[in-house]
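Start from the sequences and build out the full structure, keeping to the hints where you can.
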Amino acid sequence: MTDEQILDMLADQSQAERGFRMLMEKYQERLYWHIRRMVVTHEDANDVLQNCLVKVFRGISRFQGKSSLYTWLYRIATNEAITFLKKQKKHSAASFHDEANTLENQLVADPFFDEDEIQLKLRKALDELPEKQRIVFNMRYYDEMSYNDMSEVLGTSVGALKASYHHAAKKIEHYLKNN
Amino acid sequence: MDRKHEIRKELEDIAPALSGLKDKNEGFRIPENYFEKMQDEVMNKIKSDADLKVVHRETRTFSLSGRSRVWLKVAGFALVLATAAYFLIPAISSDGSENGYLAGLTPDEATEYVNNNLDEFDLEEMLEVAQVDPSELFTAQPAPESNTQEQIMEEYIDDILDDFDLEELEEML
Chain A
1 MTDEQILDML ADQSQAERGF RMLMEKYQER LYWHIRRMVV THEDANDVLQ NCLVKVFRGI
61 SRFQGKSSLY TWLYRIATNE AITFLKKQKK HSAASFHDEA NTLENQLVAD PFFDEDEIQL
121 KLRKALDELP EKQRIVFNMR YYDEMSYNDM SEVLGTSVGA LKASYHHAAK KIEHYLKNN
Chain B
1 MDRKHEIRKE LEDIAPALSG LKDKNEGFRI PENYFEKMQD EVMNKIKSDA DLKVVHRETR
61 TFSLSGRSRV WLKVAGFALV LATAAYFLIP AISSDGSENG YLAGLTPDEA TEYVNNNLDE
121 FDLEEMLEVA QVDPSELFTA QPAPESNTQE QIMEEYIDDI LDDFDLEELE EML
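Protein sequences, first through last, are from chains A and B. 135 is the number that this note's numbering gives to position 135 of the first sequence; each next residue is one higher, with no gaps. 56 is the number that this note's numbering gives to position 56 of the second sequence; each next residue is one higher, with no gaps.
Keep in mind that the hints were calculated from the coordinates and are not lab data. The structure displayed is predicted, hence computed values, not measured ones. Yeah, the Cβ is synthetic: ideal placement off N, Cα and C, and Gly gets one too. Where hints are given, some of them may not hold.
[As the list claims (entries may be wrong)] Some chain A residues judged to face chain B by a derived CB distance under 10 Å, without partners named:
1. 25
2. 29
3. 32
4. 37
5. 46
6. 50
7. 53
8. 110
9. 116
10. 119
11. 140
12. 145
13. 146
14. 176
In structure tokens form, the structure reads like this:
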């Protein structure tokens with residue numbers, strides 16, 4: 001089903017629910033993995049994805065078609081995940097239990113993460129990156145997005161995105177070789 | 001060159017070791033049938049949010065009309081008082097029980113005077129002079145309990161809170 005057909009269904013009150021289920025069917029996995037790579041644990045990814053989809057439903061009437069539906073959804077998912085991470089950071093800064101919130105502990109505690117030494121190392125390397133660089137790296141490395149789509153989602157120029165990706169990949173490579 | 005190939009080539013040039021990891025399993029898994037269940041949960045959230053909004057809107061509409069009714073009653077009562085005062089004050093003056101200058105008051109001034117000296121007037125006497133049947137005053141349904149000053153204030157605070165995004169509030173703190 002095309003995005004246009006989905007949007008038409010969403011605009012029709014009697015078909016809105018079916019239309020939204022179609023939208024979820026089409027994009028839920030991509031959005032989930034994008035969010036999961038940002039927030040890491042399944043439980044957090046599930047919370048963020050659900051909030052994101054509720055916001056998408058509420059805001060779909062404001063979607064003007066200036067960008068593709070896919071990049072619009074990605075933008076909402078990215079913002080939602082960033083907001084979550086900020087809250088989490090603030091919470092752990094105020095908490096005396098910082099250790100429980102380290103990436104390693106989070107991953108080990110997540111029943112939906114297969115402990116794999118190389119993957120854990122890669123995750124740790126990603127965790128060392130500044131937030132924006134990490135997002136850029138994930139979008140390019142895992143989601144295989146074009147720089148133009150990334151530019152629409154993040155509101156950053158293609159040149160700056162290329163530079164961020166380059167730096168991020170170099171830093172991770174360095175981390176993997178030296179740890 | 002397709003995008004996948006282009007991305008791989010780019011990575012090989014920048015970080016060859018990392019490029020070798022690209023096809024490996026990320027280590028993340030999801031629960032069985034996760035997406036089917038998630039869809040239902042999202043739809044339930046949307047529906048319950050919508051139900052809450054409808055209830056909230058209905059409450060707000062009701063309380064607003066309730067508030068309007070209070071104001072109408074207050075305005076009506078003030079009009080009665082003004083009319084009563086307009087007729088009553090000259091009557092009082094002619095009895096010599098009040099100073100003669102009260103007779104020269106405009107209706108607005110008289111209303112203000114009555115409001116300031118309400119304790120000194122007898123309601124029945126005022127209504128009689130104003131030719132208002134006391135039973136007419138209370139034919140309207142009593143104001144709903146939600147219109148007490150305290151509850152009006154609560155509704156007002158609710159209205160203000162509705163305009164705030166919880167996340168924004170949290171970020172401000």
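Verification of the supplied hints:
With a cut of 10 Å, the hint placing residue 25(A) at the interface with chain B holds, because the nearest CB-to-CB distance is about 8 Å. Using the Cβ-Cβ criterion of 10 Å, the hint placing residue 29(A) at the interface with chain B is satisfied: the shortest such distance is roughly 7 Å. Given hint, residue 32(A) at the interface with chain B, holds; its Cβ is 7 Å from that chain's nearest Cβ, closer than 10 Å. Interface hint status for residue 37(A): upheld, as the beta-carbon distance to the closest one in chain B is roughly 8 Å, under 10 Å.
Checking residue 46(A) against chain B by beta carbon gives a least distance of about 7 Å; that is within 10 Å, so the hint holds. At a threshold of 10 Å, the smallest CB-CB gap from residue 50(A) to chain B is about 5 Å, leaving the interface hint in force. Checking residue 53(A) against chain B: minimum C-beta separation of about 5 Å stays under 10 Å; hint holds. The restraint placing residue 110(A) at the interface with chain B holds, with a minimum CB-CB distance near 8 Å, inside the 10 Å limit.
Proximity of residue 116(A) to chain B holds as hinted, the smallest CB-CB distance being about 5 Å (cut-off 10 Å). This hint holds: residue 119(A) has a C-beta 4 Å from the nearest C-beta of chain B, less than the 10 Å allowed. For residue 140(A), the suggested interface contact is upheld, since its CB lies about 6 Å from the closest CB of chain B, less than 10 Å. Hint status for residue 145(A) relative to chain B: holds, with the closest Cβ pair at about 8 Å, below 10 Å.
The interface hint given for residue 146(A) is met, as the beta carbon of that residue sits about 6 Å from the closest beta carbon of chain B, less than 10 Å. Contact between residue 176(A) and chain B, as hinted, is supported at the beta carbon level, the nearest pair being about 6 Å apart and thus within 10 Å.
Checked against the numbered hints above, the structure violates none of them.
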